[in-house]
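S.K.: Taking the hints into account, I'd like the entire structure generated from these sequences.
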Amino acid sequence: MTGSHPVLTMTGISKSFPGVRALDNVDFRLFPGEVHALMGENGAGKSTLIKVLTGVYGTDQGTVTLADEQVSFTGPMQATAAGVSTVFQEVNLCTNLSVAENIFIGREPRRLGAVRWGEMRRQARALLARLDLDIDVNAQLGSYSLAVQQMVAIARAIDIKARVLVLDEPTSSLDAGEVAQLFRVMRQLRDDGIAILFVTHFLDQVYEIADRITVLRNGQLVGEYLTGELPQLGLVEKMIGKELRVLERLDEQPRRAATDRATGTPLLDVHELGRRSAVAPFSLTIHEGEVVGLAGLLGSGRTEVARLLFGADRADHGDVRVQGSPASLRTPVAAIGHGIGFCSENRRAEGIIAELSVRENIILAMQAARGWLRPIPRRRQDELVERYVRALSIRPADPELPVGNLSGGNQQKVLLARWLITEPRLLILDEPTRGIDIGAKTEIQRLVAQLSDGGMAVLFVSAELEEVLRLSHKIAVLRDREMVAQLTNDQDVDADRIMQSIAAGAGHEGVPS
Amino acid sequence: MSNRTAGYRALTTHRLFWPIVVLVVLLAANTVYRPGFLSVQMRDGHLYGSLIDILRLSAPLILVALGMTLVIATGGIDLSVGSLCAISGAIACLHISEQPDQNSVGGVLTALALGLGVALVLGAWNGVLVAVIGIQPIIATLILMVAGRGLAQLITEGQILTINSDPYKAIGVGHLLTLPLAIFIALAAALVVAAFTRRTALGLIIESVGGNAQASRLAGIRSARITFLVYVISAACAAVAGFMMTANVSSADGNAAGLWVELDAILAVVIGGTSLAGGRFSLGGTILGALLIQTLTTTVYAMNISPQTSLLFKAVVVIAVCLIQAPGFRARFARRRPSAAAPAPVTEQPKEQVPA
Amino acid sequence: MTTLSLLTTRTWSRLPRRHVPVLATLVLLLVLYGVGVSQYRAFSNIQVIFNVFIDNGFLLVVAVGMTFVILTGGIDLSVGSVVAMTAMVSAFLLREGLPAALVLVIALLIGPTLGFLMGCVIHFFDIQPFIVTLAGMFFARGMCTFISGSSIPITDGFWTRMSQERIGNPSGNFVSISVLIAFAVVAVAAYTLAYTRLGRNVYAIGGNPQSALLMGLPVGRTRIAVYTISGLCAAIGGILLSFYTLSGAPLIAVGMELDVIAAVVIGGTVLTGGSGYVFGTVLGVLVLGVIQTLITFDGSLNSWWTKIVIGGLLFAFILLQRLIGIRYK
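Residue numbers (our numbering), protein chains in the order written: chain G, 1 to 513; chain C, 514 to 869; chain H, 870 to 1198.
Hints are computed from structural coordinates only; laboratory data are not their basis. Model, not experiment: these values are computed from the prediction. No residue lacks a Cβ here, since even glycine has one placed at the ideal position from N, Cα and C. Treat the hints with care, as some may be off.
[What the hints assert, rightly or not] Label pairs and their in silico Cβ distance ranges:
(1) G:Ser72 with H:Leu978: 38 to 46 Å
(2) C:Ile673 with H:Gln1079: 46 to 54 Å
(3) G:Ala369 with C:Gly647: 23 to 31 Å
(4) H:Thr1065 with C:Arg547: 37 to 45 Å
(5) G:Ser407 with C:Asn817: 27 to 35 Å
(6) C:Ile533 with G:Ser328: 50 to 58 Å
(7) H:Ala911 with C:Ile673: 41 to 49 Å
(8) G:Ala369 with C:Gln554: 53 to 61 Å
[Stated by the list, open to error] Below, a sample of chain H positions facing chain C; criterion: calculated Cβ distance under 8 Å:
(9) Phe919
(10) Ile1000
(11) Ala1004
(12) Arg1010
(13) Thr1014
(14) Phe1015
(15) Leu1127
(16) Ala1131
(17) Leu1140
(18) Phe1166
(19) Leu1170
(20) Asn1171
(21) Thr1175
(22) Lys1176
(23) Gly1180
(24) Leu1183
M.R.: Rendered as structure tokens:
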């Protein structure tokens, strides 16, 4: 394979957005008949690279060469026409139309302007046969599973003599059997000579199907490797960036010593809690005053665990005890009733209410718990809000400003304040420090430590291992939607140890290294 | 930027700036056309004048629009209010017409209670369809919009039901302290709704549900209950408006009472600065919007243009207001004036969309 | 391979869900007709059916246009007013002495123009169709009264001929020319929806506008087109109405948009878009027509029962759609 000539070459690609250098001099190449995994954590630049390739974005610098011709697509349609097709994570098809139509809509076979349904069905059948997929092309797409829909999307993509197929996280909502079926199709296409660019967060899948791996980090190319030559631990280190982190840690204050907070009846005790196609059943205890960190790569199920514990998504498996007695966390209202608070990772869509003021956003959860008939007296509101605006140094310190006008870090503090005034027993923080400036980040970290010293339990989700290490008493490690390890954060635990757990998984002793 | 221009900008960008300008222009145009327009005279201890008429005639619209404001603030819409006006008015009139003494205050009060009660039940029906079954508001309330007209005609048996009841009539055309009673009723309703929403946390919770339903759910708000409630409130407001409309003419016409009032009410709410997408609402703005619509109608009428033609003007106003509110239009407009806005906060993209 | 065939097995029974509402309407229509035939001897006369078409031809045409709009997930409240405006303009221009052919052309241009403009506002400024077409409704109704405050009779020879021509056996069973025009519109619409790209794009947009955009379909153009089509159908409906009444009246067809929407929904088109057929709309209009006929035959029931029954049917069908929608997921 290495001897052949790359079908696609991207050289020296740079792309900046206001304030962010999303891609910095990145090279990428793709050979015919290979599955090439593009790996990287949040902000690594994977999706920018794909968007540059498919013409959604232009480049600041660099060239894209497709089959020896320099190209510069102005949009996905043009890219598709040139043989670069993309299938996204969410199936972008119309479930109300038939399978055949979904493959051909926009380019139906026609005679005198009339759609030739028979011809279209015949071609659709032929195409699906090529993917070894035996389904009724007349049936409504919505009547099939997501996996089949995904494959119909692939059929649509490869119909136009595709040379390059970009699969952007196609497996994230599929179960194991469906993934197997998808991989079979991918192998089939690979053997037909199509070059496949595959983005996924599941390490096992990479090692199962990919021939080659390119790792990006912070918009830069880390390297291109043959899968067989890169052990899982090496991959995880390259994605997270071990060497850099070691340097960074030298001048940091020592992380918190593990204390024996994990005694007595746990505040929250979940047993085999799980949700199909979100996260495999897991058990976890959280004690008063304990900070439990969730570590894992992007897409490993961190957020899903947090959401299940708050009732944001409904668990379909397992049971929960709060302070020893059975409880149900089926809805946010129920979870709040048990003294649980939750800051979503998705501040804008699930956290703040942008047009309401800082004050209104802060009192919202407390007010919701009291019911609308018992308003919090304005004076008490002002007191509470002023106290927390000062304590968390929310800037600008004007409680009547719409919260949408604040910076990301200050919005995050507003959300923290929203929960803190309800005096929760357990606060779930999903990526509270992401996308905010360094000052605000340290303040939030310090606050978490203070809160747990004061007796509050905290479930801390973060993509940054240092943060998790520094703050947590206990660390639960997730990999591929499964909780694979729980480590007490003592002197033996460091970033290496966590990365090993991520790379190894549960019961995966034979780590290639 | 000097203070003066900053102040000017603050003024022109206030959401009620343009409605107020239009209202002032309309009043001015009327005064030019008919110099006596602004004058108010005292006759028989009652105040008379065009301004008073506008206030009195806009009272039912204000009532309906108040309820509609809350519904729209949750991101919904209530098309059935016109039919509800007709039904509640018809029930009240029917009950009064069956009384031996149509002037008995007790009988009238019972009639009002009956009309209001039925409206509340129908409002609850809308609320269940939207909040419990989860049907889109525009579709759910369409059912009652269609069937409600039929129900109203069923109640009046297709006739125009005329009554002769002074206490009932007073709701529409009575006077109190030299001013029409209807003005006081509308004012009282506005105060009640304002107190109901702003003295409790209802207003905040409505705005929060309309502003971001998902975030509200995660903050522990039981949005279904709130959604249900606003449809009931809207129905109650429509019922009172229905009493007023039928009292105005001392008769109930199931076919014509409250015809198109839902559209005027939606218009009043939108002019008043409440976004159809939900979120922040302004009861004051809604009242201003209702007054603006009534002034427009009165103006057209005063200028001897056919009253139906005022619809032409309404069409222009709807489009103008919506264009000003529309993000798409603003974006196009702002592109030509790039320096206008303060630096926008850093917008984060949701995680799911930046998988790299 | 066994696991694979398992995975590809459809999670659904073979009865296509999208046909359920239309089948329900068909059953309803047959039941209503059966009730009519069993109760009233005269009901079995074929002319009763023909009369339903004659009386509702214009409604059918307008409903066909509305079907396009609703299939994309939009709504057009302006149709009733556009019908009235078209009839009004025709009557006015004929009274002014313009030749019938020219009047027809002008009258048929107004509706689509207004529809086109509304579609543009909806698409380019991203304003809800509900509000834009509400403005269109105000505008068209305002134009009616602007033209004349009272009804204008039509005495033109062409119009009267179109009105009185009976096709079939003039003394026996017959239909009017309007019915043939309505059928022609239905046929063209059905063909457009089933066999042209425009038609298929309408379904795609109603199913998932984002996907449609990502699949490279001309979403904006299609959206503008459906409002133009709806405007054209409303204009044709207005002409048919003026054939039927031989006049233009400023307050005719008030609230007709509701009947039209009801007919489309009862005909099985899903209000959120993406599913439905012109054939269903024909059935929906027939259901409304047969209910009216039944109520006329039964002397004791009054006309308002029509509205109540329509409201009840709307409820039943919306609930049915909702239930199917839930099972969908």
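S.K.: The structure should be examined with respect to each hint, and the outcome stated for every one.
M.R.: Evaluated hints:
1. For the pair Ser72 (chain G) and Leu978 (chain H), the supplied restraint of 38 to 46 Å holds, since their beta-carbon distance comes to about 44 Å.
2. A hinted range of 46 to 54 Å holds for the C-beta pair Ile673 (chain C) and Gln1079 (chain H), which are about 51 Å apart.
3. The hinted window of 23 to 31 Å between Ala369 (chain G) and Gly647 (chain C) holds, with their beta carbons roughly 25 Å apart.
4. Look at Thr1065 (chain H) against Arg547 (chain C): about 57 Å separates their beta carbons, and that is not inside 37 to 45 Å.
5. Between Ser407 (chain G) and Asn817 (chain C) the beta carbon distance is about 58 Å. The supplied range of 27 to 35 Å is therefore violated.
6. About 52 Å separates the C-beta atoms of Ile533 (chain C) and Ser328 (chain G), a value consistent with the hinted range of 50 to 58 Å.
7. Under the hint 41 to 49 Å, the C-beta atoms of Ala911 (chain H) and Ile673 (chain C), about 33 Å apart, miss the expected range.
8. In this structure the hint that Ala369 (chain G) and Gln554 (chain C) lie 53 to 61 Å apart at CB holds, the actual value being about 56 Å.
9. Nearest Cβ of chain C to the Cβ of Phe919 (chain H): about 27 Å, over the 8 Å cut. The hint is violated.
10. Annotation: Ile1000 (chain H) was flagged as interfacial toward chain C, and the flag holds, the nearest CB pair being 5 Å apart, inside 8 Å.
11. At its closest, the beta carbon of Ala1004 (chain H) sits 4 Å from a beta carbon of chain C; the interface hint therefore holds under the 8 Å criterion.
12. Hint status for Arg1010 (chain H): holds, given a least beta-carbon distance of 5 Å to chain C, under 8 Å.
13. Interface hint status for Thr1014 (chain H): upheld, as the beta-carbon distance to the closest one in chain C is roughly 3 Å, under 8 Å.
14. Given the 8 Å rule on beta carbons, the hint for Phe1015 (chain H) holds: about 5 Å separates it from the nearest Cβ of chain C.
15. Given the 8 Å rule on beta carbons, the hint for Leu1127 (chain H) holds: about 5 Å separates it from the nearest Cβ of chain C.
16. A distance limit of 8 Å between C-beta atoms decides the matter here; for Ala1131 (chain H) the minimum to chain C is near 6 Å, and the interface restraint holds.
17. Evaluation of the Leu1140 (chain H) hint against chain C yields a held restraint, the C-beta minimum of about 5 Å falling below 8 Å.
18. Evaluation of the Phe1166 (chain H) hint against chain C yields a violated restraint, the C-beta minimum of about 18 Å exceeding 8 Å.
19. The restraint placing Leu1170 (chain H) at the interface with chain C is violated, with a minimum CB-CB distance near 10 Å, outside the 8 Å limit.
20. Hint on Asn1171 (chain H) holds. Least Cβ distance to chain C is approximately 5 Å, under the 8 Å limit.
21. Given hint, Thr1175 (chain H) at the interface with chain C, holds; its Cβ is 7 Å from that chain's nearest Cβ, closer than 8 Å.
22. For Lys1176 (chain H), the interface hint holds, the least distance from its beta-carbon to any beta-carbon of chain C being 3 Å, beneath 8 Å.
23. Annotation: Gly1180 (chain H) was flagged as interfacial toward chain C, and the flag holds, the nearest CB pair being 2 Å apart, inside 8 Å.
24. Proximity of Leu1183 (chain H) to chain C holds as hinted, the smallest CB-CB distance being about 5 Å (cut-off 8 Å).
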